[in-house]
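K.L.:
Spelled out, the chains give:
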Amino acid sequence: MKKFKIILLSALCLLLVTQYLFAQPIKNDLLLSLAYFNNNNQTQYLKATAKSKVNGKFQQVANVSIAFYIDDASSKVLLGKATTDHSGNAIMQIKSVASEIWKSSATQNFSVSTQEDKLYNASEANLAIVKAKISLDTLEDKSIVATLLELKDSNWLPIKEVDIRVAVKRMLGELNVAETATYTSDSLGMVTAEFTRDSLPGDSKGNLILIAKLDEHELYGNLTAEMIVPWGIKPLVHSTFNDRSLFARKGLTPIWLELLAYSIILIVWSIIIYLIFQIKKIIKLGV
Amino acid sequence: MEISAKNKIIQDLLPQKFGKPGKIWVSVLLLFCAVGMYAYYRQLTKGLVVTGLRDYVSWGIYISNFVFFVAISLVGSLITAVLRLSDVHWSTPLTRIAEIIAVSAITFASLIIIVDMGRPERFYNLFIHGRLQSPIMWDVIVITTYFFVSILLLYFPLLPDLAILIKLKGKTTTWLDRIYHFLGSFWKNTTEQINISNKAVNILSITIIPVAFAIHTVTSWLFATTYRPGWDSTNFGAYFISGAFLVGAGGVIVAMYVFRKSYKLEKYITDSHFDKMGKVLVLLALLYLYFNVNEFLVPAFKMKKSEEEHLLGLFTGEFSVLFWFAITTAMIIPIIILLFKGGRKPLPAFIAGVLVVIGSWFKRYLIVTPTLLHPFLPMRDVPANYRHYFPSWEEWAIAMGSLAGAMLVITFFARIFPIIPIQETITETEELAHEKV
Numbered sequence: 000m001k002k003f004k005i006i007l008l009s010a011l012c013l014l015l016v017t018q019y020l021f022a023q024p025i026k027n028d029l030l031l032s033l034a035y036f037n038n039n040n041q042t043q044y045l046k047a048t049a050k051s052k053v054n055g056k057f058q059q060v061a062n063v064s065i066a067f068y069i070d071d072a073s074s075k076v077l078l079g080k081a082t083t084d085h086s087g088n089a090i091m092q093i094k095s096v097a098s099e100i101w102k103s104s105a106t107q108n109f110s111v112s113t114q115e116d117k118l119y120n121a122s123e124a125n126l127a128i129v130k131a132k133i134s135l136d137t138l139e140d141k142s143i144v145a146t147l148l149e150l151k152d153s154n155w156l157p158i159k160e161v162d163i164r165v166a167v168k169r170m171l172g173e174l175n176v177a178e179t180a181t182y183t184s185d186s187l188g189m190v191t192a193e194f195t196r197d198s199l200p201g202d203s204k205g206n207l208i209l210i211a212k213l214d215e216h217e218l219y220g221n222l223t224a225e226m227i228v229p230w231g232i233k234p235l236v237h238s239t240f241n242d243r244s245l246f247a248r249k250g251l252t253p254i255w256l257e258l259l260a261y262s263i264i265l266i267v268w269s270i271i272i273y274l275i276f277q278i279k280k281i282i283k284l285g286v
Numbered sequence: 000m001e002i003s004a005k006n007k008i009i010q011d012l013l014p015q016k017f018g019k020p021g022k023i024w025v026s027v028l029l030l031f032c033a034v035g036m037y038a039y040y041r042q043l044t045k046g047l048v049v050t051g052l053r054d055y056v057s058w059g060i061y062i063s064n065f066v067f068f069v070a071i072s073l074v075g076s077l078i079t080a081v082l083r084l085s086d087v088h089w090s091t092p093l094t095r096i097a098e099i100i101a102v103s104a105i106t107f108a109s110l111i112i113i114v115d116m117g118r119p120e121r122f123y124n125l126f127i128h129g130r131l132q133s134p135i136m137w138d139v140i141v142i143t144t145y146f147f148v149s150i151l152l153l154y155f156p157l158l159p160d161l162a163i164l165i166k167l168k169g170k171t172t173t174w175l176d177r178i179y180h181f182l183g184s185f186w187k188n189t190t191e192q193i194n195i196s197n198k199a200v201n202i203l204s205i206t207i208i209p210v211a212f213a214i215h216t217v218t219s220w221l222f223a224t225t226y227r228p229g230w231d232s233t234n235f236g237a238y239f240i241s242g243a244f245l246v247g248a249g250g251v252i253v254a255m256y257v258f259r260k261s262y263k264l265e266k267y268i269t270d271s272h273f274d275k276m277g278k279v280l281v282l283l284a285l286l287y288l289y290f291n292v293n294e295f296l297v298p299a300f301k302m303k304k305s306e307e308e309h310l311l312g313l314f315t316g317e318f319s320v321l322f323w324f325a326i327t328t329a330m331i332i333p334i335i336i337l338l339f340k341g342g343r344k345p346l347p348a349f350i351a352g353v354l355v356v357i358g359s360w361f362k363r364y365l366i367v368t369p370t371l372l373h374p375f376l377p378m379r380d381v382p383a384n385y386r387h388y389f390p391s392w393e394e395w396a397i398a399m400g401s402l403a404g405a406m407l408v409i410t411f412f413a414r415i416f417p418i419i420p421i422q423e424t425i426t427e428t429e430e431l432a433h434e435k436v
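As you go down the protein sequences, you meet chains A and B in turn.
Numbered per numbering that gives the first Met the number 0, the first sequence spans residues 0 to 286.
Numbered per numbering that gives the first Met the number 0, the second sequence spans residues 0 to 436.
Keep in mind that a hint or two might mislead.
As the list claims (entries may be wrong) - Derived lysine-lysine pairs resembling DSS-like cross-links, with alpha carbons at most 25 Å apart: (1) A:LYS280 <-> B:LYS166; (2) B:LYS344 <-> A:LYS279; (3) A:LYS280 <-> B:LYS187; (4) B:LYS198 <-> A:LYS283; (5) A:LYS80 <-> A:LYS94; (6) B:LYS344 <-> A:LYS283; (7) A:LYS279 <-> B:LYS198; (8) A:LYS56 <-> A:LYS102; (9) B:LYS7 <-> B:LYS435; (10) A:LYS283 <-> B:LYS7; (11) B:LYS166 <-> A:LYS279; (12) B:LYS5 <-> B:LYS435; (13) B:LYS260 <-> B:LYS187; (14) A:LYS280 <-> B:LYS198.
Derived by calculation from the structure, the hints in this document are not laboratory data.
Can you build the whole structure from these sequences, using the hints too?
P.N.:
This is the structure:
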């Protein structure tokens with residue numbers, strides 16, 4: 000009976016241990032997405048986002064190493080590797096080393112990939128874009144003209160029937176220049192927006208930054224163009240740093256407090272000094 | 000008044016040499032002071048790290064002790080000034096006790112502030128870079144002023160007694176004689192001198208009241224001008240002053256009993272004095288209780304989220320035992336004892352006084368520390384000992400040493416000078432006899 004118990008217990012222990020020793024970790028699939036950005040026709044970069052489904056919900060995945068490639072006619076050229084941040088995003092600029100490939104065609108293919116690791120399976124994503132840009136101009140009557148152009152056979156041609164947003168940059172976002180949020184480009188690829196925000200505070204010189212945007216277009220990606228215009232109101236900033244206040248530095252005590260405090264000190268200490276003289280008087284009388 | 004009766008008063012009230020109990024008492028106090036000084040030496044050499052003070056609780060037992068000293072010093076203005084101006088004569092034997100308590104307490108209040116500083120050698124910066132807008136600066140000014148006013152209020156009524164002591168120099172030791180001569184050899188008891196002295200005491204009695212109110216109001220503003228749970232109160236000035244009068248009166252009753260017993264002053268500090276001071280103490284305890292109800296009931300009724308943790312910590316949490324101990328010993332039990340005539344006899348009144356003083360000391364601790372442990376922003380990524388505060392042995396030793404130091408000043412004062420004004424007692428006895436005739 001005793002032997003039987005030992006065998007049974009040993010079998011149970013073995014069962015429990017093997018469960019942990021030989022258990023295979025479950026790997027998740029990584030979902031990669033890729034987007035192209037052209038900021039003010041000066042900086043072009045790619046943004047990859049890594050997500051994974053955890054408990055039925057997509058969550059951004061941080062610390063994933065992503066390889067960025069630009070496609071040549073016959074092969075893929077590595078642009079570089081970047082690691083995703085806490086939002087699951089990794090950014091890679093289209094470097095000067097790839098400028099020859101970038102200039103060679105009006106369209107461009109990109110791809111990103113990750114390698115298999117302990118937590119995730121290998122994953123990849125592709126993106127094909129048509130090179131495009133927005134140019135921004137203003138008229139004397141405070142109208143804003145944005146022109147959307149695409150590259151075709153070395154020529155910039157207008158793009159029609161595409162919605163462009165025209166706005167003015169503010170500290171934490173963008174404000175539409177008028178009631179209308181977006182404008183559709185005409186046959187010349189142009190949109191015209193009227194600037195109606197007459198009382199908008201600008202920077203110290205009264206300047207505002209106008210912005211024309213094309214967001215997440217399936218062919219052209221994300222395009223922006225910016226322009227500085229002197230249409231804002233110059234703010235009248237009155238610094239209270241050197242004013243007399245209860246919170247100011249030494250020497251900037253409010254006058255009323257100085258008067259009050261010094262009057263009290265003067266009165267009380269005059270009394271003390273007077274009384275010390277009274278002691279002297281008593282001493283004189285006793286000598 | 001007969002000369003023999005006059006001489007009897009003088010003989011009764013002359014300062015006496017320490018007997019055996021007096022010597023033991025002084026030795027114990029000196030021992031406390033020595034341990035406190037050693038602890039302070041350790042703090043100076045090793046830094047504030049030897050204390051329990053950390054980033055959150057930077058005002059611990061030292062500042063509680065400071066507030067306690069400032070509070071107890073207010074008694075000088077209560078007994079001497081308020082009662083004198085109200086033409087109350089029964090308090091005459093108590094005036095000097097009250098005044099020396101005030102002087103010694105305010106001296107140690109100033110010292111304990113320096114002890115709280117990590118780098119005391121930088122104290123002078125307060126005067127070089129001090130901002131008049133800061134309540135800390137007001138406190139420095141008003142404490143200095145109160146110290147000088149209290150010294151003068153102690154000194155003027157002492158002049159006639161110094162003349163009596165000089166006359167009896169044969170009965171005093173040499174070093175004492177020199178002190179008496181230095182301080183009062185010029186007093187000839189002329190009408191002119193008496194008039195100047197009386198006028199000076201009247202001026203001081205009027206002056207000391209606003210200064211005394213200012214000293215404790217400003218001390219309360221050190222807290223109330225800071226936006227923190229428990230300190231953000233418009234009630235603080237009155238709350239502090241009422242508490243200060245209470246602990247001061249409690250301290251005087253304790254001192255009255257000790258001096259009466261030690262120097263056999265039953266004829267001068269009578270049962271009637273205990274009865275009257277007992278009544279004063281009940282009134283002050285009720286007043287302070289009223290302010291406490293205001294201070295805690297109103298915020299507890301609203302129970303704002305930011306104050307909830309602090310208030311619950313006091314009522315039922317970490318500090319509840321100390322909180323209810325302080326409320327009970329400083330107010331409830333003394334009120335119960337002193338409401339009855341039998342409770343206003345010397346011994347029960349003395350016990351009530353001791354309870355008031357002890358309870359009030361812990362009350363100051365509760366005003367300072369729990370608030371610092373409940374900041375508006377949660378404590379994050381800090382070592383575990385930042386979240387709690389318990390004074391280190393060095394802090395206890397320094398705090399107890401400072402209390403012993405204050406008592407030592409009072410003890411030595413009573414050894415050198417008459418603790419009950421001799422001349423005033425003679426004058427009042429003469430006036431009383433004259434009225435009877």
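K.L.:
For each hint, tell me whether it holds in the structure or not.
P.N.:
So, going through the hints one by one against the coordinates:
Restraint check: the Cα-Cα separation between A:LYS280 and B:LYS166 comes to about 22 Å, which is no more than 25 Å; the hinted pair holds. Simply put, B:LYS344 and A:LYS279 have alpha-carbon atoms about 44 Å apart, too far for the 25 Å limit, and the pair is violated. For the hint linking A:LYS280 to B:LYS187, the alpha-carbon distance of about 13 Å falls within 25 Å, and the restraint holds. For the hint linking B:LYS198 to A:LYS283, the alpha-carbon distance of about 17 Å falls within 25 Å, and the restraint holds.
Using a Cα cut-off of 25 Å, the hinted pair A:LYS80 and A:LYS94 holds, with the two alpha carbons roughly 12 Å apart. Between B:LYS344 and A:LYS283, the direct Cα distance comes to roughly 47 Å. Violation of the 25 Å bound is thereby established for this hinted pair. Straight-line distance between C-alpha atoms of A:LYS279 and B:LYS198 comes to about 14 Å, which keeps the hinted pair within the 25 Å bound. Our distance criterion of 25 Å between C-alpha atoms is broken by A:LYS56 and A:LYS102, whose separation comes to about 41 Å.
Restraint check for B:LYS7 and B:LYS435: satisfied, since their Cα atoms lie roughly 20 Å apart, inside the 25 Å limit. Of the supplied pair hints, the one linking A:LYS283 and B:LYS7 is violated, its CA atoms being roughly 32 Å apart against a limit of 25 Å. About 22 Å separates the Cα atoms of B:LYS166 and A:LYS279, which keeps this hinted pair within 25 Å; it holds. A hinted pair counts as satisfied when its Cα atoms are at most 25 Å apart, and B:LYS5 with B:LYS435 qualifies at roughly 17 Å.
About 33 Å separates the Cα atoms of B:LYS260 and B:LYS187, which puts this hinted pair outside 25 Å; it is violated. For the hint linking A:LYS280 to B:LYS198, the alpha-carbon distance of about 13 Å falls within 25 Å, and the restraint holds.
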